[in-house]
Every structure is written in structure tokens, then in C-alpha cells.
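Take a look at the letters that make up each chain.
Number of protein chains: 2
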Amino acid sequence: MERHFDHDLDELKEQLLRMGSRSEAIVQKAVESLKRRDSALAKEVFEDDRAIDRMEIDIDERCVSLLALRQPMASDLRFITAALKIVNDLERVGDHGVNIAGNALRLNQEPPLKPLVDIPRMADMASSMLHEALDAFVRRDAATARRLVRRDDDVDNLNRQLFRELVSFMIEDPHTITRAMELILVARNLERVADLATNVAEEVVFIAEARIIKHHAEEMASGGEDFGRT
Amino acid sequence: MERHFDHDLDELKEQLLRMGSRSEAIVQKAVESLKRRDSALAKEVFEDDRAIDRMEIDIDERCVSLLALRQPMASDLRFITAALKIVNDLERVGDHGVNIAGNALRLNQEPPLKPLVDIPRMADMASSMLHEALDAFVRRDAATARRLVRRDDDVDNLNRQLFRELVSFMIEDPHTITRAMELILVARNLERVADLATNVAEEVVFIAEARIIKHHAEEMASGGEDFGRT
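Chains as they are written, first to last, in my numbering: chain L, 3 to 232; chain W, 3 to 232.
Derived by calculation from the structure, the hints in this document are not laboratory data. Certain hints may be false.
Computed beta-carbon distance windows for the label pairs [unchecked claim]:
#1 His177/L to Asn159/W: 25 to 35 Å
#2 Pro176/W to Asp12/L: 55 to 65 Å
#3 Arg162/W to Arg142/L: 37 to 47 Å
#4 Phe48/L to Ala145/W: 26 to 36 Å
#5 Asp175/L to Asn159/W: 26 to 36 Å
#6 Lys15/W to Asp175/L: 50 to 60 Å
With a cut-off of at most 27 Å between alpha-carbon atoms, the simulated DSSO-like pairs for lysine-lysine come out as follows [unchecked claim]:
#7 Lys87/L to Lys15/L
#8 Lys116/W to Lys45/W
#9 Lys87/W to Lys87/L
#10 Lys87/W to Lys15/W
#11 Lys87/L to Lys15/W
#12 Lys116/W to Lys37/W
#13 Lys15/L to Lys87/W
#14 Lys116/L to Lys45/L
#15 Lys37/L to Lys116/L
Just a few of them, taken from the derived set where beta-carbon distance is under 8 Å, the chain W residues facing chain L [claimed, not checked]:
#16 Val66
#17 Met75
#18 Leu79
#19 Thr83
#20 Lys87
#21 Asn90
#22 Val169
#23 Ile173
#24 Pro176
#25 Ile179
#26 Met183
Source: prediction; values computed, not measured. Ideal Cβ positions, reconstructed from N, Cα and C, are used throughout, including at glycine.
The shape of chain L in the complex, shown without the other chains (with noise of 0.2 Å):
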């Protein structure tokens, strides 16, 4: 039963690892076409968004079944639900690529407002912080989480600076309104992203802190009562 529940855990985690590498991909794929102006490639996130809707329903299985079938204890415990918890917060960021590949397709028929710089590097930190988040859940790495929910200010400060540059665009030039609200939403979406992530990581914190539970299943067990892996 141990080695089965092993591997069953493993493949969660891998699971999870594509999950997210999807869920990384979608935002890149819907900056992309929004600065290389192409609609084509913003069409096919909303097919990449399904593949991450299903993505979801079958780690959401796999757990469930975990918890039916081999009721882990203590810290595996709590690995499964926070998965649970982990792969909600990837499905979001399959919708914030959808939006923003919305954006694209609206800005992609009109002129362009200004070289996009601030969101593709936007992009970038939102979707590396994914992977690390990620990373360090499936590693269990608390110090790694706790420095990425730090970096959650430099997105934040990044997307305050290009909300007040895009305003003072709307207020010099009304015919730039449009356009720049919908770089706002794009800039918004991003920070959304970054959010998840960072509640990824704060998910990884929070089970190498959870000590009470921990300590009250480990007590549970000790009991003599069959309460299987511990």
C-alpha cells in the first residue's frame, strides 16, 4: 500500500507540473499575441484554456480517490488538500490568458498605442514565479515560497507605474482611451497572475508551518488506532 500511495502522489506531482507548465504557457501565448499582433494565436488560447479545464477536473479526481482510497495522514495530508486548493488557483490563470487574449483580439484591429515593454516583462515574472511557486510546492521548499511571496511587490509596483502612465495617455489624448483601458486590463490580469502564484506559494508555507495538525494526527496515530500512512 505505501509503495501504491508513493506512486500515486508522484504522479499528482506530476500532474501538477504539466498542469502548470500549461498554465504558464497560456499567459505567454496570450502576451505574445498581443505583441506580435497575432489573432490567430490568440484564438488558440481559448483551446488551451479547455485542455486546463479538463487539466483540473482530473487532478480534482485523483485527489479525491487519493483521500477515498488510501486516507494519507499528516503532511500527505495536507499535500492532497492543498493541491485541491492549488489547482483552483491554476484554472484561474487559464482564465486570466482567455481575457487577456480578449484584449488582444480587440487591440490587434486598431493602430498600435506604444511598444510594448512593461507587460511582455510583466509576463515573464508572473509566469516564472508560477513555475518557482510550483516547484517549490511539489519540493515541499517553504524558503523558496517565502521569498517569491516578496516578489509579488515588484509585479504590483510594475503594474501601479504602467496604470499611471496609461492614464496620463487617456488624459493627453481621448482617442487613446480605449486602447489604453484595455492595457490596463491586460496589466490588471497579469497582477492577477502573479496573485495565484503567489497564493501558491503561500499554500507551500503554510503546510510546512501547519505543525498543529500535524502534530495532533501524528498524536491520533500514535494512539494505536489504524489510521493508515502517517
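Since the structure of chain L is provided, determine the placement of chain W on it from the hints.
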């Protein structure tokens, strides 16, 4: 054991409903602070959000304990794993309340742009959706949940209508840009609250339709192994 478990589950439902009420209330209070131009009220929202964050941690702990100590099966297992996702949604409702309170604090320092009609209406729609979704969840009422999912479109339409109206304000008079932007962001936060209510409703539908796992778990249980409560 069964009786204890039912009691635990009832307490979990109570806690979820309490957290739900707080989440509805925070949305209403944030919009109220905007409507009444009451910055002291807006500041209360930040404290309310911290209370909601603490409720999330408490409910998470209860769910993990229930999984560890009671090893529920089938529909109860699914109920608890769904609860883990739903508290995440409710916690985000609190964050949207905070965002709106921030918009209110900035807007209250400037003359009003227009009478607020649609925004309070969106707030009512979003918070009643949240209320009904939570209620459907604890009653495991998939029919109500399915109707709720469709109501999300009304909020989206109102948001789009308001967006167009505010953009036309900006175009006509650039002095309105900052205020109109803030109101657009308020409406987007409310639209996200309705999305989160829809997520909760979708969980309810998903639980009701997830016969595969339930079936599988029941098969395992009837296979003679001790899987606890089925």
C-alpha cells in the same frame, strides 16, 4: 462515530454559512461606503477582511481534521473537498471587498461623477447570488445551483453596459478619467464576486453529478475493506 461525524459536518456547514454571511456583508459595506461617501465605513472593510481570512484558516483546519480523523467516504468526502475550494472563493470575495473599499477611499476625495445606481444593483445581485450559492451548497441542492450559473450573465451584461457608459464619460470629458476608471474597477470587482458565486454553484452541480468517484468509492467499500463511513 457516525453521530459525531454528523455533528462535525453540521458545524462545518454552520461555519461556511457564517463565512458566507461575512463575505456578502463585506461587499455590501464596501459599496455602501462608496454610495454614502463614508470613508470611515470603507476603513472598517479592511478589518472585516482580516476576520474573513481567519475564518478561512479555521474552516481549512476543520476540513483537514475531518478528513484525518473521520475518513469520510463518497458524498461526504466530496462535500468536504468542495468546502476546501469554496472557502478559497469566499476569501477572495473578501479581497474584492477590500479593493472596492480602496476605490471608495479615493473616490470619496473627489466630487461625485454620477449618481450610483448600477453599482449598488450589481452589488445586490452579486451578494444575493453568493447567499443562494452557499445555501444550495449546504443543502446539496443542484437545481438551484444550476439556475444560479445562468444568472451570472445578467451581472456580466450590467458590467459591460456600465463599462461602455463610463468610457463615453471619459471620452467626452477627460477630467472624469480617473473617477470613471475607479468606477470601472469597482464594477469589475463586483463582476468577479458574481463569478465566485458561480464557482460555488458549479461545485454544487459537480458534486451532484460526480457519480464516477462516488460509485467507485462505494464499490471499494462494499469490497469488504474498512473504509469507514460510506
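The hints, checked one at a time:
1. His177/L to Asn159/W: 25 to 35 Å: holds, 27 Å
2. Pro176/W to Asp12/L: 55 to 65 Å: holds, 58 Å
3. Arg162/W to Arg142/L: 37 to 47 Å: Roughly 43 Å apart at Cβ, these two residues keep to the hinted range, so it holds.
4. Phe48/L to Ala145/W: 26 to 36 Å: Since the Cβ atoms of Phe48/L and Ala145/W sit about 30 Å apart, the hinted range of 26 to 36 Å holds.
5. Asp175/L to Asn159/W: 26 to 36 Å: holds, 30 Å
6. Lys15/W to Asp175/L: 50 to 60 Å: holds, 55 Å
7. Lys87/L to Lys15/L: holds, 14 Å
8. Lys116/W to Lys45/W: Distance of about 23 Å is within 27 Å: holds.
9. Lys87/W to Lys87/L: Within the cut-off at roughly 6 Å; holds.
10. Lys87/W to Lys15/W: Given pair Lys87/W, Lys15/W holds - Cα atoms ~14 Å apart, limit 27 Å.
11. Lys87/L to Lys15/W: holds, 19 Å
12. Lys116/W to Lys37/W: holds, 11 Å
13. Lys15/L to Lys87/W: holds, 19 Å
14. Lys116/L to Lys45/L: At roughly 23 Å apart (the allowed maximum being 27 Å), Lys45/L and Lys116/L satisfy the hint.
15. Lys37/L to Lys116/L: Holds, because 11 Å separates the two Cα atoms, which is no more than 27 Å.
16. Val66: Hint on Val66/W: holds, closest Cβ of chain L at ~5 Å, below 8 Å.
17. Met75: holds, 6 Å
18. Leu79: Holds. Min distance 6 Å.
19. Thr83: Where the cut-off is 8 Å and the nearest Cβ of chain L is about 6 Å from Thr83/W, the hint holds.
20. Lys87: Where the cut-off is 8 Å and the nearest Cβ of chain L is about 5 Å from Lys87/W, the hint holds.
21. Asn90: holds, 5 Å
22. Val169: holds, 6 Å
23. Ile173: At about 5 Å, which falls below the 8 Å cut-off, the nearest Cβ of chain L leaves the hint on Ile173/W intact, so it holds.
24. Pro176: At about 5 Å, which falls below the 8 Å cut-off, the nearest Cβ of chain L leaves the hint on Pro176/W intact, so it holds.
25. Ile179: holds, 5 Å
26. Met183: holds, 7 Å
The structure agrees with every numbered hint stated previously.
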